[in-house]
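If you read the sequences in order, they're chains A and B. If you count by my numbering, then the first sequence holds residues -5 to 252, one letter each, in order. If you count by my numbering, then the second sequence holds residues 143 to 908, one letter each, in order.
In short, the hints are calculated from the structure, not lab data. Treat the hints loosely; a few may be bogus.
Unchecked claim - Here are some chain B residues the structure puts well away from chain A; computed CB gaps all over 12 angstroms:
1) Ser269
2) Glu384
3) Leu540
To be verified - Going by beta-carbon spacing under 10 angstroms, a handful of chain B positions derived as facing chain A:
4) Arg144
5) Trp149
6) Ala156
7) Glu183
8) Leu259
9) Arg261
10) Gly263
11) Gln424
12) Thr437
13) Arg512
14) Arg515
15) Glu607
16) Ala611
17) Ala614
Said to hold, decoys possible - Which stretches of chain A does chain B cover? Using the computed rule of at least three CB atoms under 8 angstroms from a CB of chain B, they are:
18) 77 to 88
19) 109 to 117
Quick caveat: nothing in here was measured; it's all calculated off a predicted structure. Virtual Cβ for every residue (Gly too), placed ideally from N, Cα, C.
So you can see what is in the structure, the chains are spelled out below.
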Amino acid sequence: MIARAIPRPVTAADEMLLKITRLTKVFKGSGPPVHAVREVSLSVRRGQFVAVMGPSGSGKSSLLHMIGGLEPPTSGEIWFDGVRVDGLSQAAWALRRRQHIGFVFQFFNLVSNMTVADNVELPALMSGATRRQARERRTELLAELGLSDKAGASPARLSGGEQQRVALARALANRPSLLLADEPTGNLDSLNTSDVLRVLRRVHGQGQAIILVTHDARAASMADRVINLFDGMVADDMDVLPPVRSSVAAAGVIRLGE
Amino acid sequence: MRAALRWIRSDLRAHPTQVIVELLVVAGVLTALLLSATVLEGATNPWRGLFAQSKGAQIWLHLTHGTNVSQLRHIGGVTELAGPYTTTAATIVQGPVQSAVELREMTPKMPQIGRLLVRQGSWLRYSAPDGVVLEASFAQAIHAVVGTRLVVNGIDGPTARVRVIGIAATSDQGFYPDQTPGLAWVQRPVLRRVEPVAKHTEELVGIKIADPDSLNTSFVAQQAVAELSGAVQNVSTWMQVEQSMARGDPLLGLLLALFGLVTLGGAVLVILNATGGRVLVQLEDLATLKSLGFTPGQITDMVVAEHAAVGLAGTAVGVVATRFLTVSLLQGIPAAIVPAVVPLPALWIVFIACSGELLVILAAAFPAWRAGRVSAVVAVRRPLPSGHLSQLARLAMLSRFPPAVVLGARAAFIRRLPAVLTVGGLAVSMAVITIGLGVASTVDDVQQHPADIGLAAALTVSPGELNQAEAARIVAADRQVAHAYPSVQVTALLASGQTTITTLGLGTSARPYPFDVAQGSLYRAPGQAVASQGLLDLLHAKIGTFVTMQINGVPVIFHFVGRIVEPEYNGQVLAYGLDTLKEAGVESPPVYYSLVLRPGITASAARAHLLSVSGGRLDVAEVTNPAGQLGIIRPMLIGLIAVLALVGLASVLTASAVGIRDQLRDVGALRAIGLTPGQVMLSLISSTAALAIVAIAIGATAGLLVSTRLINLGAQLYGIGSGIGRPPSAEAMAVAILIAAAGATLTAIWPARRAATIPVAAMLRP
């Protein structure tokens, strides 16, 4: 009885959104098997912004795809919100993505035959929102991203930056607890990159966790934590302190994690 | 659900051409199916059409003269009465031939109920008081046409001379001679002359009832008989008329079944190909949908639902089009095949439409299932096909073949599955067209060489008023006759004791009737016989089997030595030499003669000659070639080819879409290195044309290989027996191949032109 009256202290386990252990991905094709990801283990807290960096072919995208359930791991475990999810069926993964995970890709991947508005409303409609609710959420998101006047346009008529902002709006439609972004600025000029990064920062500010795969140091510098992958393994994993607006020397800004 | 609907709506809007083509294919196939079902139903159950068109009465009563029929109106369920009309029995005399006829007195005013459907000439008119209108099957049987003068004898002798002014069909009674007497409609003066005594005439009244199901009809008929106690001479109901008109037509049924199957196959291919192609074009979108949280099942359902919706629209268009077009499209069908064309009963339409829709769903299911299994990572990885420049391509380039053509043709085959689907879709269409042409040439052959289906004889001659010897002498002396075979037609009881079949004694073992034996040999000794496939099937017998049957109570042993092709007698017939019966001790039934005419002599000319030589005393009949009724095959083939052309069009459009999607980036690169928009277009067209040409070659070859065998197989299943199939003519094949190749190339021009005008920069963007 007493236990019920006293609020439970927040534990480290509650804070943990994502935990992966010894995650491995091997691609078997016609040639020798390719070890894209080798026994990677890491944890992501709620609201944490993690940047994943590394050269081409280091396994960044494969890692992201496995975390989002787009590809099954060869071995290892994925725990999402305290539930083990690596063995889930495709359909179960789809449900989980619909409610908890947003995806943004390098090539935007907007549904080509749908208007901007339809693209953004799709996730809300999928998770059972009424047409009105979906429309309201879409209006809100497009306004926030400065795309209100593009609602009726076809994705093909938008610039790269605009397409990526639409993709972001779509990924955020259901307020996912985790946003997975696969080189979202890889295809954009510096102006559009700034736009996208600004959105990511705002998302982070609202307490959503982000895993951002990127080559761009500027993008990575916004993260709480930067993980470097090399040959499918974690080369280093360090926390980043928020930049301090004083005359502290640059050396003091970055503090190595454990 | 909402999200899926939103996607379906967007996708339909984004691809109007493909949607319209798919819709048209479904509509075309459904129309073809409904029309062939209408023809088949009209041919096998002519009563329904005749009844609907003539607004017939369900019950007809023959009553004694002067019966008061007004009380019939008080019977529950009776809505209207037709008549009463005065009728009398008479005979029509043509030389030695007398045919029993029922004269019905009517006025030039066409009745509202039980209308007569005038086929030739006109209805009764005041200006022609001696005019008679004959019932169509009766007119055909007595060889009367509009203008023929006839002598009508009454029962007690009075004679009237009349002139045929019209031929009409009716649903009042079955066809002559199954139902005798024949029917003739006359005005009062003629009837009075033939039967001056009013009380010797009868009265005919038709009863139309509100609920014409068979139980109710019988019930009302019983009540009517009870009501008019004693006055009723004869009762007939629509059930009797329907049954007596019903007939089977194996050849027509066979062709329509083939036609239906082929169009259905075409529809399945189109949906498979269209859906498969669309899924391929949409791979990235589908992968994106997955990454957004669509489950594989939802994607499968969504793709199926999309095509089901298009299919439903196509089905609706097909049903509506058939409803409006049935009469005009089927107008050309000879009345001998379908006496009255009316739309199918609603239940049939619903059944066919539902089957069509089900088929669309089934055909879409496989590609949709594949769509559900698309990897969600396609969205990112974008696998692009690649391959080496083949030796053939290098050789073509070196020999100064336009490089655009070589590159385009090569690109067509890089993606294996779409290439196979397109080639498959087109090849099957082409194969079916080839088979269709084979059917056409088979029908031509049967029409021009009736001997191939056992119809060597053009005329049969019975002695009529002459005796056997005189008849034989006249026939033998006729210079137009090449051979005369003495013939009998007798019924044999099979060993089971329950089934009877028709057997034909044709010629003798020394001089057998010239059957075209499909297998084995002709009967050359007493006891030997040839059988049709249907009979062999019925008896589970083979060539070489001995079978005992009873003819006129005498057991006869037959040795089956050969198989003949036979479209008549339900395909169940046995033929042997007349000496077989003699040897077995069967009393010979009356002999008639089957006459094979000299080349170039027409049956009607020979008939006229024989009649004149015998002074009209011989009974001469022309043998009807069942293939004569196959005139319908041409419009059917045209319809079939139209549907298959749509199938091909859909395949080519799908191929273009997939090809252009695959090649666009390459095309960008090629244009960057100096290919002109014209060359790009040429390259894209070559890509589609290469697939089409390969498909046409495969399809035509396959069609030629199976056509004859398939027709024979169909004929065998129907009991006609293998051996009637003919390959398509070389000219027809050449034309078909040329048109197909040109059509495919022309179809590819339009999407290629659009793609070629896209700016280079846009093509190079990811």
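Consistency of the no-contact label for Ser269 of chain B, given chain A and a CB cut of 12 angstroms: Ser269 of chain B is indeed farther than 12 angstroms from all Cβ atoms of chain A, at 71 angstroms.
Chain B over the segment 77 to 88 of chain A, status - at least 3 residues with CB closer than 8 angstroms: Result for this restraint: holds, n = 3.
Coverage assertion for the segment 109 to 117 of chain A with respect to chain B, Cβ distance below 8 angstroms, three residues required: Our answer is that it holds, as 5 residues pass the Cβ test (under 8 angstroms) against chain B, meeting three.
Thr437 of chain B as an interface hint toward chain A, with CB separation required under 10 angstroms: This hint holds: Thr437 of chain B lies near chain A, its Cβ roughly 4 angstroms from the closest one there, short of 10 angstroms.
Status of the hint placing Glu183 of chain B at chain A (closest C-beta pair under 10 angstroms): With a minimum Cβ separation of about 43 angstroms from chain A (threshold 10 angstroms), the hint on Glu183 of chain B is violated.
Status of the Trp149 of chain B interface restraint (C-beta, 10 angstroms, chain A): Since the shortest Cβ distance to chain A is 7 angstroms, the answer is holds.
Hinted contact Ala614 of chain B with chain A - closest CB pair below 10 angstroms: With Cβ-Cβ at 83 angstroms, over 10 angstroms, it is violated.
Per-residue hint verdict: Glu607 of chain B, partner chain A, C-beta under 10 angstroms: violated (83 angstroms)
Evaluation of the interface hint that places Gly263 of chain B against chain A, nearest CB under 10 angstroms: violated (62 angstroms)
Satisfaction of the Leu259 of chain B interface hint, Cβ to chain A closer than 10 angstroms: violated (54 angstroms)
Given hint Arg515 of chain B near chain A, where the shortest CB pair must fall under 10 angstroms: With Cβ-Cβ at 9 angstroms, under 10 angstroms, it holds.
Residue hint Arg261 of chain B, partner chain A, criterion CB-CB below 10 angstroms: violated (56 angstroms)
Hint compliance for this structure: hints 7, 8, 9, 10, 13, 15, 16 and 17 are broken, all remaining hints hold.
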